[in-house]
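Read in order, the letters of the sequence shown are residues 54 to 373 in this note's numbering.
By construction, these hints were calculated from the structure, which means they are not laboratory data.
A hint or two may mislead.
[As the list claims (entries may be wrong)] For lysine-lysine, the following DSSO-like pairs were computed, each having C-alpha atoms within a straight-line distance of at most 27 Å:
hint, residue 1, residue 2
1, Lys140, Lys197
2, Lys289, Lys368
3, Lys140, Lys163
4, Lys224, Lys197
5, Lys163, Lys117
6, Lys218, Lys182
7, Lys210, Lys224
8, Lys197, Lys117
9, Lys198, Lys140
Every value quoted in this text rests on a predicted model; they were computed, and no experiment measured them.
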Amino acid sequence: MPRVLRILNRLIIGGPAINATYLTRYMEDFETMLVIGGKDDHEEDANHLTDKLGITPEYVPHMKRAINPLNDRIAYNEVKALIDKFKPDIIHTHAAKAGVIGRLAAEASKVPVILHTFHGHVFHSYFNKLQTDSFIMIERYLAKKSTGIIAISDSQKHDLAETYKICDEDKIEIIPLGLDIDKFLEDQHQKRQDFRTRFQIKEDEIAIGIIGRIVPIKNHSLFTAAAEKLLSLTGKKVRFVIVGDGDMRPQMEADFRRMNISYSYFPDHPFGATAICTSWQTQIDFVLAGLDIVALTSHNEGTPLSLIEAQASGKPVVST
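Whenever a hint applies, use it, and build me the whole structure from the sequences.
Shown next as structure tokens:
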């Protein structure tokens with residue numbers, strides 16, 4: 054049976070974690086190992102995914118998102134040791150840091166097939182021009198070491214092949230994310246009642262939500278500005294629901310206060326505010342059942358999981 058060693062940056066709520074864990078569980082014609090890096094302090098882990106699917110991953114805590122030469126070297130040695138022990142036929146890396154460390158270690162260990170999936174990219178709106186150009190050069194170098202590159206959408210393939218010249222388009226295969234959408238269609242009425250009861254949202258109130266990490270690239274300042282504008286234009290009862298957390302939450306909270314929009318952070322102050330931050334929620338099907346509109350304000354996205362899941366739930370979306 055062929056062996057696949059899959060490497061993921063970090064196991065946090067989002068598309069890459071769902072994709073990597075489902076592939077690990079359901080590619081039953083392969084013997085698989087899942088290797089996971091360390092998350093940042095403000096990020097919520099998605100251990101419920103591996104627990105639900107019966108996966109026991111190997112953890113490489115030094116493989117973190119931020120660049121740190123010492124940690125990165127330790128992580129490289131740990132990943133290479135796992136490769137040499139498992140002896141995979143295929144290495145499949147997911148996202149940037151895992152892609153760098155995993156592909157370099159795979160080449161050094163002479164793994165026959167090296168694959169990498171882009172779950173988005175950092176080629177605009179993340180860093181300054183010098184840093185961005187450096188990352189593009191690194192990805193071009195790593196693409197030459199890869200047997201194949203996987204994009205999760207047509208537009209992403211176009212970015213990789215045409216806009217940023219990471220590799221020739223012949224080297225890129227489009228494999229969309231596989232999702233379990235049945236849960237977004239089942240028991241919608243009861244889930245809606247459960248969510249709205251928990252967060253005290255009345256049925257005659259329009260709940261507009263945004264789901265994801267509260268970090269600069271997600272551009273929550275646009276969401277708060279839109280909330281202020283909408284409240285000035287409508288007499289309807291509207292509630293704003295921010296699902297997620299991150300290091301820009303204090304700035305978002307300050308924006309709401311400056312706009313005189315009542316705000317509560319649910320774990321601390323659960324009730325009554327126009328804007329509610331629920332922090333992380335693992336049962337997104339309940340969240341989407343309870344919302345009426347889903348927004349996304351990101352500067353840059355790969356394939357936006359929250360919008361796909363919202364559409365699976367039959368909810369209208371408003372997006373940049």
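Quiz item: Going through the earlier hints one by one, which of them does the structure break, listed in rising order?
Solution: none
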